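So the protein sequences, as listed, match chains A and B. Heads up: take any position in the first sequence, counting from 1, add 15, and you land on our numbering. Heads up: take any position in the second sequence, counting from 1, add 15, and you land on our numbering.
It should be emphasised that the hints constitute simulated quantities derived from the structure, not laboratory data. These numbers come from a predicted model, not from an experiment. Treat the hints with caution; some may be incorrect.
Identical copies carry no separate label here, and so any pair may be met within one copy or between two of them.
[Claimed, not checked] With a straight-line cut-off of 30 Å between C-alpha atoms, the simulated DSBU-like cross-links for lysine-lysine are:
| no. | residue 1 | residue 2 |
| --- | --- | --- |
| 1 | 184 | 262 |
| 2 | 161 | 51 |
| 3 | 161 | 184 |
| 4 | 161 | 81 |
| 5 | 184 | 255 |
| 6 | 358 | 87 |
| 7 | 184 | 87 |
| 8 | 51 | 356 |
| 9 | 318 | 81 |
| 10 | 38 | 55 |
| 11 | 144 | 161 |
| 12 | 181 | 255 |
| 13 | 318 | 393 |
| 14 | 161 | 221 |
| 15 | 144 | 87 |
| 16 | 55 | 358 |
| 17 | 87 | 161 |
| 18 | 81 | 51 |
| 19 | 393 | 55 |
| 20 | 181 | 51 |
| 21 | 255 | 51 |
| 22 | 87 | 262 |
| 23 | 55 | 262 |
| 24 | 161 | 55 |
| 25 | 38 | 356 |
| 26 | 161 | 185 |
| 27 | 185 | 87 |
| 28 | 356 | 262 |
| 29 | 38 | 262 |
Letter by letter, the chains look like this.
There are 2 protein chains.
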Amino acid sequence: MKKTLILFVVALVFSSVASAQIKEDFVSLSSNQWGKEYPKANSEGYVRNQVYAPQACRVEFQINGKVFPMSKDAEGYWTGTSTEPFDEGNHYYAIIIDGVEVPDPNSRFLYGSGAERTQIELPAHDQDKYALRDVPHGQIRELYIKSSVTGEHRHIFVYTPPMYDKDLKKRYPVLYLQHGYTENETGWSRQGRCGFIMDNLIADGKCVPFIIVMENGETSHPFTMEERKNGSMNRQAFQKFPEILIKDVIPYIESNFRTYTDSRHRALAGLSMGGMQTRQISLAHPELFSQIGLFSGGTISEKDLQENPEFLKHNRLTFISYGSREVENPRWTAPEEVVRKVKELGLNAYYYESPLTAHEWQTWRRSLYEFAQLLFRK
Amino acid sequence: MKKTLILFVVALVFSSVASAQIKEDFVSLSSNQWGKEYPKANSEGYVRNQVYAPQACRVEFQINGKVFPMSKDAEGYWTGTSTEPFDEGNHYYAIIIDGVEVPDPNSRFLYGSGAERTQIELPAHDQDKYALRDVPHGQIRELYIKSSVTGEHRHIFVYTPPMYDKDLKKRYPVLYLQHGYTENETGWSRQGRCGFIMDNLIADGKCVPFIIVMENGETSHPFTMEERKNGSMNRQAFQKFPEILIKDVIPYIESNFRTYTDSRHRALAGLSMGGMQTRQISLAHPELFSQIGLFSGGTISEKDLQENPEFLKHNRLTFISYGSREVENPRWTAPEEVVRKVKELGLNAYYYESPLTAHEWQTWRRSLYEFAQLLFRK
Chain A
16 MKKTLILFVV ALVFSSVASA QIKEDFVSLS SNQWGKEYPK ANSEGYVRNQ VYAPQACRVE
76 FQINGKVFPM SKDAEGYWTG TSTEPFDEGN HYYAIIIDGV EVPDPNSRFL YGSGAERTQI
136 ELPAHDQDKY ALRDVPHGQI RELYIKSSVT GEHRHIFVYT PPMYDKDLKK RYPVLYLQHG
196 YTENETGWSR QGRCGFIMDN LIADGKCVPF IIVMENGETS HPFTMEERKN GSMNRQAFQK
256 FPEILIKDVI PYIESNFRTY TDSRHRALAG LSMGGMQTRQ ISLAHPELFS QIGLFSGGTI
316 SEKDLQENPE FLKHNRLTFI SYGSREVENP RWTAPEEVVR KVKELGLNAY YYESPLTAHE
376 WQTWRRSLYE FAQLLFRK
Chain B
16 MKKTLILFVV ALVFSSVASA QIKEDFVSLS SNQWGKEYPK ANSEGYVRNQ VYAPQACRVE
76 FQINGKVFPM SKDAEGYWTG TSTEPFDEGN HYYAIIIDGV EVPDPNSRFL YGSGAERTQI
136 ELPAHDQDKY ALRDVPHGQI RELYIKSSVT GEHRHIFVYT PPMYDKDLKK RYPVLYLQHG
196 YTENETGWSR QGRCGFIMDN LIADGKCVPF IIVMENGETS HPFTMEERKN GSMNRQAFQK
256 FPEILIKDVI PYIESNFRTY TDSRHRALAG LSMGGMQTRQ ISLAHPELFS QIGLFSGGTI
316 SEKDLQENPE FLKHNRLTFI SYGSREVENP RWTAPEEVVR KVKELGLNAY YYESPLTAHE
376 WQTWRRSLYE FAQLLFRK
């Protein structure tokens with residue numbers, strides 16, 4: 016009994032300290048729909064939400080799958096604050112009304128984690144990297160091409176740099192840039208903000224202007240849920256996608272955009288599953304891509320180089336990155352160490368670690384920001 | 016008492032006839048998210064929905080603001096069917112969980128009626144007009160330009176026809192195409208499917224290839240809800256937008272795309288509020304646009320021509336359209352009659368009426384399909 020009381024007192028003190036620690040400087044999020052006050056975040060990354068639901072019995076919200084309770088006032092407004100802070104950047108998010116998880120009508124939509132859904136965008140100390148600034152802007156172009164491999168229409172986004180439509184004689188290098196598992200071809204231009212990242216780097220003279228091509232690397236319809244469970248996603252991603260990229264996408268881009276057509280001006284990169292695809296494709300076809308980036312998606316190891324001598328011969332840049340919270344995880348072989356070893360073997364390899372972010376878009380925005388500055392320099 | 020009984024029997028018979036009349040040929044909608052069975056519609060336009068919500072006390076769904084009840088089975092699935100059919104095409108839609116109206120996570124998102132929200136797309140007898148067909152495809156390009164009028168960044172979508180990037184010497188006419196009140200610059204390429212409509216018309220040799228420019232004609236941030244209530248929306252739409260279009264958008268498009276730069280190759284059209292803006296701007300600046308389209312957005316009348324003689328001198332095409340369910344409404348002056356009269360005065364005017372549709376996207380898709388075939392012919 017005495018022990019219970021002590022625990023109770025300790026818990027009380029701890030909870031008052033914890034809540035005293037939360038700064039009351041909450042602001043509305045940039046991911047909110049027009050005119051909506053909630054959700055909000057404070058400068059530490061705590062998220063506060065409010066939902067008007069006078070007839071509901073329980074209202075909660077979830078961020079990255081973590082559920083937080085809300086409590087109701089006399090007027091029917093439910094309010095709650097996350098009991099932990101979240102990293103800077105973008106997180107998937109929903110509200111839960113009497114057990115039904117639904118998108119928050121206050122928030123804007125993106126495709127991520129297997130569906131179009133709502134998200135929160137937490138302010139970041141380095142958000143100017145991907146902000147809409149007063150600089151010349153490129154275009155994000157949406158196009159459809161028919162695949163000779165699958166017979167289906169492929170939905171593709173292409174970033175062209177600011178001056179692309181001005182000097183019609185100039186040619187550009189191309190980066191093929193892939194999303195991760197359960198994301199799609201919209202990810203890099205929406206969550207990833209690749210257009211703004213490029214516009215800003217080009218305006219600041221920090222990168223060579225290039226084109227970015229963003230394809231769906233996972234699967235297209237029609238695939239049933241059953242087929243997905245049976246592994247069809249992986250067959251599409253690792254068997255069909257390389258073929259689609261090489262036979263359909265690259266020839267289309269090189270004959271419909273003003274690109275260079277040699278491997279020196281052709282790069283491949285991706286995040287998570289897209290990094291694994293980059294590794295697979297560039298090791299199998301080292302003559303096609305001279306520069307690669309793997310963001311939270313594996314490494315090129317000493318063993319890879321020994322087994323693929325052609326890769327070392329052709330590769331001019333190998334960029335490996337992770338979020339610091341990913342490599343803290345003891346299950347991982349330290350990627351920095353792998354990169355150090357392949358550099359000794361003569362590979363022009365770079366390692367970047369995004370501070371205090373995990374397997375999430377903030378890591379990948381920063382990775383692109385760093386990678387783009389190294390690309391097509393030699 | 017006897018009367019009540021008779022009414023009850025009549026109601027019973029009527030309801031059994033009504034439900035007997037609903038065809039059980041429900042199919043999943045093309046607007047559903049990947050792998051989602053519900054919502055469904057039958058061939059008559061009735062909509063059936065199902066939501067898993069074992070803990071909820073009441074679940075409903077609404078289409079265009081009309082609410083339909085759902086009932087719960089032993090496993091916690093709520094199912095309901097609309098008690099009336101809906102027109103072919105696109106309608107805004109939401110589910111309601113214990114009184115909280117939220118987007119349906121089963122459905123895809125669009126911006127419409129003042130927010131990003133879910134929608135249903137009902138099959139239409141003429142859906143091939145706006146289907147993704149196996150034809151050459153143009154591009155929808157997303158760009159940002161800074162306005163000299165407001166100092167803000169304007170978010171613009173531009174459709175370029177299939178061969179735009181091939182023959183770099185060819186120039187194109189331009190249609191400036193505006194959305195309606197509480198919609199935005201995304202409407203015409205998403206709900207309106209203008210890219211597919213143009214690709215199909217061009218492939219079928221039914222229209223002269225041209226560029227389409229889609230701007231936000233209402234308002235951009237930052238506008239508070241208070242300002243909107245006070246009419247700032249209208250000030251922006253009818254005072255600022257004409258200036259933004261003429262001073263910022265047209266000069267940018269004509270110096271960054273391969274366009275003709277004379278009024279003969281410049282058209283303006285819009286739906287609803289966009290039609291009213293088209294009327295306002297083209298009457299005030301008849302020298303700028305030789306061809307105009309007003310879709311569910313008013314007419315050019317005899318009085319307009321008398322008051323604006325320059326308009327008749329410059330105009331080469333005036334296209335007026337409505338959904339048949341709009342002009343059934345006795346409040347409206349019959350637009351067909353207005354068009355007949357201005358034709359007598361020498362205006363090259365056309366009238367189109369979309370069969371069995373109201374003030375909705377199916378009317379406007381069909382209007383664009385008809386209008387595009389007449390544009391830039393003379």
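Structure-based check of each hint:
no., hint, verdict
1, 184 x 262, "both (26 Å within a copy, 29 Å between copies)"
2, 161 x 51, "between (41 Å within a copy, 25 Å between copies)"
3, 161 x 184, "both (28 Å within a copy, 26 Å between copies)"
4, 161 x 81, "neither (40 Å within a copy, 40 Å between copies)"
5, 184 x 255, "neither (34 Å within a copy, 37 Å between copies)"
6, 358 x 87, "neither (58 Å within a copy, 63 Å between copies)"
7, 184 x 87, "neither (63 Å within a copy, 65 Å between copies)"
8, 51 x 356, "neither (51 Å within a copy, 48 Å between copies)"
9, 318 x 81, "neither (39 Å within a copy, 64 Å between copies)"
10, 38 x 55, "within (12 Å within a copy, 47 Å between copies)"
11, 144 x 161, "between (35 Å within a copy, 19 Å between copies)"
12, 181 x 255, "between (36 Å within a copy, 29 Å between copies)"
13, 318 x 393, "within (25 Å within a copy, 68 Å between copies)"
14, 161 x 221, "between (36 Å within a copy, 23 Å between copies)"
15, 144 x 87, "neither (39 Å within a copy, 50 Å between copies)"
16, 55 x 358, "neither (45 Å within a copy, 57 Å between copies)"
17, 87 x 161, "neither (52 Å within a copy, 44 Å between copies)"
18, 81 x 51, "both (23 Å within a copy, 24 Å between copies)"
19, 393 x 55, "neither (45 Å within a copy, 55 Å between copies)"
20, 181 x 51, "neither (39 Å within a copy, 45 Å between copies)"
21, 255 x 51, "between (43 Å within a copy, 24 Å between copies)"
22, 87 x 262, "neither (57 Å within a copy, 51 Å between copies)"
23, 55 x 262, "neither (46 Å within a copy, 37 Å between copies)"
24, 161 x 55, "between (43 Å within a copy, 28 Å between copies)"
25, 38 x 356, "neither (45 Å within a copy, 68 Å between copies)"
26, 161 x 185, "both (27 Å within a copy, 25 Å between copies)"
27, 185 x 87, "neither (61 Å within a copy, 63 Å between copies)"
28, 356 x 262, "neither (34 Å within a copy, 58 Å between copies)"
29, 38 x 262, "neither (54 Å within a copy, 46 Å between copies)"
In this structure, the hints that do not hold are numbers 4, 5, 6, 7, 8, 9, 15, 16, 17, 19, 20, 22, 23, 25, 27, 28, 29, in rising order.
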